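Asks: What follows is each chain in one-letter form.
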Amino acid sequence: MLKDIRNYQWLLAVVALTMIISVPAVYADDDDDDDFQSSSRNSVMSSSQVGDDTKSRDRSKNGSRVLVTNEKWKDECGACHMAYPARFLSAESWRVMMTGLDNHFGSDASLDAATATEISDFLQQNASRKKRKSANGIEPALRISETRWFKSEHDEVAARVWKSPKVKSPSNCAACHTKAESGSFRERDIKMPK
Amino acid sequence: MLRTLSISGLMLITFVGLSMRQVYAQTPSDLLASLQIEATKNMPNFQGFSADRGETFFKMKHGNDWSCSSCHTDNPAVTGKHAKTDKPIKPLAPFVNAERFTNPKKIKKWFKRNCNDVLDRLCTPQEKGDVLAYLLTIRK
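From first to last, the protein sequence lines are chains A and B. Quick note on numbering: the first sequence equals residues 1 to 194 in our numbering. Quick note on numbering: the second sequence equals residues 1001 to 1140 in our numbering.
Bear in mind the hints are in silico, worked out from the structure with no lab data behind them. Nothing here was measured: the structure is a model prediction, and the numbers come from that model. Heads up, the beta-carbon is just placed ideally off N, CA and C, and yes, glycines get one too. Any given hint might turn out to be false.
As the list claims (entries may be wrong) - So the derived label-pair ranges between C-beta atoms look like this:
| id | chain 1 | residue 1 | chain 2 | residue 2 | range |
| --- | --- | --- | --- | --- | --- |
| 1 | A | 130 | B | 1056 | 45 to 53 Å |
| 2 | A | 130 | B | 1048 | 35 to 43 Å |
| 3 | A | 103 | B | 1059 | 24 to 32 Å |
Said to hold, decoys possible - Here are the computed lysine-lysine pairs in the DSS-like style, where the Cα-Cα straight-line distance is at most 27 Å:
| id | chain 1 | residue 1 | chain 2 | residue 2 |
| --- | --- | --- | --- | --- |
| 4 | B | 1087 | A | 179 |
| 5 | B | 1081 | B | 1041 |
| 6 | B | 1081 | B | 1059 |
| 7 | B | 1108 | A | 191 |
| 8 | A | 168 | B | 1105 |
| 9 | B | 1090 | A | 179 |
| 10 | A | 74 | B | 1105 |
| 11 | B | 1084 | A | 166 |
| 12 | A | 166 | B | 1041 |
| 13 | A | 166 | B | 1105 |
| 14 | A | 168 | B | 1108 |
Input sequences plus hints: build the corresponding full structure.
Replies: This is the structure we're talking about:
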């Protein structure tokens, strides 16, 4: 009997703690200024099916690449398009892009300052360590699809594939990279639309 | 006996805790009411919101390439599609998507962005209220 009571108290404490933790979500389920979880929001995803550019970093113990993610990056960037991996551009590219969100390739993608800073920091910290030079000479490159790296990676893709209505734009990674959303751009995951 | 009690108590607490997550910070009607206050303050001859005017506003272009319906479609009860990226957009009508117009920060963020994209300026309380009045008439 005594054991039962102790057990009950312990469970009650756990439930109470869980509820305290979840309370901020009740009033602000997408609260941009909510610092409650922000310190531990960066996380590492799917270690077995990621990767393309970096040869030695961002690898898990078994040698496969990892996609570093951040909750706000995923929510905010992913609201209008795929949340592109940070390693696709250099830190300087991300820094410049994140200061011009009110005109983001022709659209207003502005964010409140706290959210913009968190996402910008995340992107810069996990950016490509390579230059990711622009193919048109205007630095820093802001469109991933206009980097020399992107163009050389896609130089075997036929013009008719780019023109396919299923592709629509080179920014539409998932049209061919079937696991792009989870960060995998491996050859074996590529399926060209017909 | 005590065990049964403790288990049912635990379930009750968990249930209450979970159902609290469904409570929204505000309702679309709250928003409509606060827009009405704002409109009354800004416009001496404010005569209320009109769902018909909201529908016209929603479906027409305002000088730029896009209207609201370019992405949200002509039927706000269905899933929309981003005009540029094709990314699916959940239905805008609160009757179909209960999350809509319940988060003040999201409302502020998206009105600013979308009005700038469609009109090259912020929307007035009258325009926002008309559109919301229109969206609240949609039932299917």
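Asks: Each hint: holds or not?
Replies: Results for each hint:
For residue 130 (chain A) and residue 1056 (chain B), the hinted distance range of 45 to 53 Å is satisfied, since their beta carbons lie about 51 Å from each other. Under the hint 35 to 43 Å, the C-beta atoms of residue 130 (chain A) and residue 1048 (chain B), about 59 Å apart, miss the expected range. Residue 103 (chain A) and residue 1059 (chain B) have their C-beta atoms about 26 Å apart, which keeps the hinted 24 to 32 Å range intact. This hinted pair checks out: residue 1087 (chain B) and residue 179 (chain A) have alpha carbons roughly 16 Å apart, not beyond 27 Å.
This hinted pair does not check out: residue 1081 (chain B) and residue 1041 (chain B) have alpha carbons roughly 36 Å apart, beyond 27 Å. A C-alpha spacing of about 15 Å is found between residue 1081 (chain B) and residue 1059 (chain B), which places the hinted pair at or below 27 Å, so the restraint holds. Simply put, residue 1108 (chain B) and residue 191 (chain A) have alpha-carbon atoms about 40 Å apart, too far for the 27 Å limit, and the pair is violated. As the CA atoms of residue 168 (chain A) and residue 1105 (chain B) are separated by approximately 32 Å, the hinted pair breaks the 27 Å bound.
Our distance criterion of 27 Å between C-alpha atoms is met by residue 1090 (chain B) and residue 179 (chain A), whose separation comes to about 22 Å. Annotation: proposed proximity of residue 74 (chain A) to residue 1105 (chain B) holds, straight-line Cα distance about 17 Å (limit 27 Å). Between residue 1084 (chain B) and residue 166 (chain A) the alpha-carbon distance is near 13 Å, which keeps this suggested pair within the 27 Å criterion. Distance check on the hinted pair: residue 166 (chain A) and residue 1041 (chain B) sit about 49 Å apart at the alpha-carbon level, beyond 27 Å; violated.
Distance restraint check for residue 166 (chain A) and residue 1105 (chain B): the Cα-Cα separation of roughly 34 Å exceeds the 27 Å cut-off, and the hinted pair is therefore not satisfied. Of the supplied pair hints, the one linking residue 168 (chain A) and residue 1108 (chain B) is violated, its CA atoms being roughly 31 Å apart against a limit of 27 Å.
Of the numbered hints listed earlier, those contradicted by the structure are 2, 5, 7, 8, 12, 13 and 14.
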